[in-house]
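Assemble the dimeric complex from its two separately framed chains, guided by the hints.
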Amino acid sequence: MTDTAIRATDIDPILADHIARPGPLLPILHAVQQAFGFIPEIAITRIAEALNLGRAEVHGVVSFYHDFRSTPGSAHVLRICRAEACQAQGAVALEEFARARLDAGSDGQAAAEGMAVEAVYCLGLCACGPAVQLDGVLHGRVDSARLDRLLAELGR
Amino acid sequence: MRVYVPGDAAARALGADAVAAAIAAEAAARGETVEIVRNGSRGMIWLEPLVEVETEAGRTGFGPVAAPDVPGLFACDFNGGPLALGPVEDIPFFARQTRLTFARCGLIDPLSLAEYEAQGGLTGLRRALTMSAADIVTEITESGLRGRGGAGFPTGIKWNTVRQAEAAQKYVVCNADEGDSGNFADRMLIEGDPFCLIEGMMIAGLATGADTGFVYLRSEYPDAIRVLQRAVALARDAGLLGTDVLGSGRAFEIDIRIGAGAYVCGEETALLNSLEGKRGVVRAKPPLPALQGAFGQPTVINNVITLATVPVILDRGAAFYRDFGLGRSRGTIPVQVAGNVKQGGLFEIGFGLPLGELVTQIGGGTASGRPVKAVQVGGPLGAYFAPDQFDITLGYEEFDGAGGLIGHAGLVVFDDSADMGALARFAMEFCAIESCGKCTPCRIGAQRGVETIDRIRAGDSAAIPLLTDLCDTMKNGSLCALGGFTPYPVLSALRIAPEDFTRTDEAAE
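So the sequence lines, in the order shown, correspond to chains A and B. Here the first sequence is numbered in the numbering used here, starting from 3 and rising by one per residue. Here the second sequence is numbered in the numbering used here, starting from 45 and rising by one per residue.
So here's chain B without its partners, still in its complex pose (with noise of 0.2 Å):
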């Protein structure tokens, strides 16, 4: 019997770990032979951990299933019980979805990669080593793909300004320092398909003339430094990695670094500069990284999720991709649906959802069963937003004019008991404690914004056009998006609920 338990981050601090040892305990004791498979997450946090087993009418689930929970699987056969879910993939949740780039993680073994190939791995690698480098980028930028990182930049022309650079050495750098709250989409694709990524980042080397890919992954995500590193050792030895991938003679290696718990690291320059080994501070533009990048060379910078895209381009072609989606939003966004929610995970979908249909019905509503008071979109620096502007569609055009940014596509659900007055404050807080200090609006800015957030809250409603004011001047003279974006969780705090900014100390106990 093969059962499937995930060794995804969350399925594990969920107690996946004591699941799977319950399970080898307990087919030992039976003298049953049992083949545990740590697959990725499907996605469906609320049932984790989620164990799956293989039967003739496909994998069916069980969850949320904790080490007290094995014998009774046992005892019932795997069929039936209080934990049954059914086949996987029929769960509402999961059978609604559109998964392109997520299509293999929860399904194989992570760290097999010829379960990868049997999945469709490596077909779209195959068929670009067929193709020209300008044909590539044409595929990506015909496909309409945009940075998933949350700029939204078209790929294929980023591609083709690094494809058209002159230098001897050229970079691929992934950005998978993911620090947004609310997102967990880069996490859960290297923990549960790392090979995606990695040839992701081989295609974009041959569209470029790149032969190394840096990754820069943070450092509070240690189950996918442990798999990345490992599927990287895989491919190395597949000879998928290294001096002639697949017999090409074409090269390719990628070499993974760790963060070291910035959140500024995040933005591109910043993080070009943390790779070379100086201060995580944020670069002017230009010049753009495409053309002076890493170690000042031409360099494709790409979030986890752009590249993880590119494989399944390349193997279905850019109509295939394009068909998917809204107006300028091309192709399917995995949406993180977090915080408190009924039904949180991953949701992959092409553009175009409502708000509100993904907060209360994919979501399932507020775990804790009260009203939702707000939403925040795209991280720290997205805007939060209220219930009656839950017809807001997804997608980067709709949620801009919105006045707010689709970011990495978290969504954090707030209920009514949420202190936006407070949010708004921790947001100011968050831009001081985060900010690389080379710019002064988004430096002292921040820092003056908790003060005067805190002299609103203790009765001075005259401070209130100062902190629009202040917003103003960070919005418009900071460098990067932290100083620049901080405003929005502020004043869309303060739309959504001027009266949280104006109540005593008292009033809030």
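Pulled out of the complex, with its shape left as it was, chain A reads as follows (with noise of 0.2 Å):
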């Protein structure tokens, strides 16, 4: 969904839904980003209203949290534990492997279309390290072999 296809009132089943806990703030973002795949900019001015915020007090929530996106993300989610734990294991090397593979800069964003490769600071795996999060699922014990059949499931 595009940022302008999404309407002030798109917004408000969600704040119904939260508006009366306690700091509910989170809730909503996490329930905004959940239907739309990022914050677009008029839930923003949406729920500064709700919540008697300004909108520069909404903004800087959303940008202080990395969770939080202002635009739309990549169709493929490739999150790669760059912790101690797992770079003990190796993680460095896969992280430049998988760059490598699928054609992406440091900063992710020059990935291949559709697929975005996000450093992230530990998943609880690191008995069994390296770890990834692909689309949403944990590997644990990934070698390069291991994430290039997992890529390869992807189509990639």
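Be careful, since some hints might not be right.
Selected chain A positions facing chain B (Cβ under 10 Å, derived; list incomplete) [to be verified]:
(1) Arg23
(2) Ile30
(3) Ala52
(4) Leu53
(5) Arg81
(6) Cys83
(7) Cys88
(8) Gln89
(9) Cys124
(10) Cys128
(11) Ala129
Rather than coming from a laboratory, the hints here were simulated on the basis of the structure. Every residue, glycine too, gets a C-beta built ideally from N, C-alpha and C.
Below, the structure written as structure tokens:
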């Protein structure tokens, strides 16, 4: 869904679900991102009105957290754990392999069409690293051969 | 036949779902009736997926099982074969443990309240319901329980401050924002025994006069989120949570909040801001969260493992728990052995084991078979220890005295291929990425730290005193542990392997 296709009234059912909870902003933002894949500008305006906050305040929260995105994401997301326990098991080499395999730049943005490569800091799979999360599914003990197979299964 | 296939995230990441599907398919093909239970993990991650079957002699295990192994398990009638591990609780890694907090993890169906009760669950809560708030706090204080999130603050003292605070509304907040690399005890506990955390939070509520709990759970743990949401719903349906807890007339409700990928929200005041819907910026203390915490109200904020240890203390008594441990570190600690290690997993034991024993005997040394170069203890803000420091015993004061911290008791093992200069740089880089930006030593210092380490590694050894000076500023001038403890991994890496800081890029290739 593109930004322009989303109307302010599309946000209202989400607001209604959460607005009575104490500290409702993060649950609302999660629900908006779940529904639209990102946090559209128009949602920020609507949420700010509903919560009696400034738009800048809502924008400040959206931009603080790594999970929230202001633009639509890729169809596929490969998150590679960069934390120490996975580094001890070869995560740096795995990340280099993935970027080369997918022709992605170090920021992941130049990724092949429809596939983003992102860093994540710990998936809690520290005793079976290196770990990756591909389209939400966790994989442990991932070497380059296994990652190659996982990407091939996606037609990559 | 009852077969256990862990539903724990680590087991699933290693193929447990495919194994469970293969077992169901093979049973159907053979016309056999098999009940598959998705238990938590026993913590022996190198054996996952670890399949167990119930036999007359107890539960016997097979692992690590892959889906193609399943027909073979049926062919030998789940008796013997190359993957057979024998009785699971006799495996040396498991048999050596003292499982108090993790007693039920891996044993029961995590979402069966009946099995939870059959294995001692709710006994602590039922006892707490008959006690005064002051008596519950006394029991916790006398048990010697300290915060398992890393700071090691005595839990009973924190609870007493909240208990004595005058307010119409108080809260219990569970810090489940386990972002530290090498640490997965919170995740395992929530996925394997969620009612234990719920019970612990309810007892904290009784002890302090709070009727509402929040669990702040990180978004990187999708399985833990799913299991805990289901467990809270089941507890509500069973009348455990709600307006009349087990018919006592007391109320307690739990709201689960999902984090959004900010490491600093594991810091308690940043977590409270995030819970309130703000940027996860650290607050200055005082005021203490115990007096002005969530939404400005008196708040107990504890880590998952701290709260999940409360039920066994109320059940077995303070003296029972206090008898385990060493010095001022009482009770047990779930050690997580991770990184480049042969036998990685969760090992719960009384405080006091030497670090080296955990790495070389319990963990079995490195997975690569190469010598150990360093072990990082306590997450990304913890110090690196070299094998010449392996006689340090596991305890809060012992690690503090050795220039480190026990943190959440995660050990990350590195072999001799590790580049300590690169790891020190990573520590600064991580701090720069995750800094909340409130205080200058952390926000600017971490960025300058990356640059200074780059200068040193480019051959400018005159920058080494600059780095140590910068670390001193960060350590003493930062508002919270993120900026304040980042110098631990940096300076310990420099101590262990100064040569890794001076080698050129060519030499590193």
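Verification of the supplied hints:
About 7 Å separates the beta-carbon of Arg23/A from the nearest beta-carbon of chain B, less than 10 Å, and the hint is met. Satisfaction of the interface hint for Ile30/A is found here, the shortest Cβ-Cβ separation to chain B being roughly 8 Å, below the 10 Å cut-off. The beta carbon of Ala52/A is not positioned within 10 Å of any beta carbon in chain B (closest approach about 12 Å), and the interface hint is therefore violated. About 8 Å separates the beta-carbon of Leu53/A from the nearest beta-carbon of chain B, less than 10 Å, and the hint is met.
Evaluation of the Arg81/A hint against chain B yields a held restraint, the C-beta minimum of about 9 Å falling below 10 Å. The criterion of a C-beta within 10 Å of any C-beta in chain B is met by Cys83/A, whose closest approach is roughly 8 Å, and the hint holds. For Cys88/A, the interface hint holds, since its Cβ comes within 10 Å of a Cβ in chain B; the closest pair sits about 7 Å apart. With a cut of 10 Å, the hint placing Gln89/A at the interface with chain B holds, because the nearest CB-to-CB distance is about 7 Å.
Interface hint at Cys124/A: satisfied, since its Cβ lies 5 Å from the closest Cβ of chain B, which is below the 10 Å cut-off. The beta carbon of Cys128/A comes within 4 Å of a beta carbon in chain B, closer than 10 Å, and the hint placing it at the interface holds. The interface hint given for Ala129/A is met, as the beta carbon of that residue sits about 3 Å from the closest beta carbon of chain B, less than 10 Å.
The structure fails hint 3 only (numbered hints given earlier).
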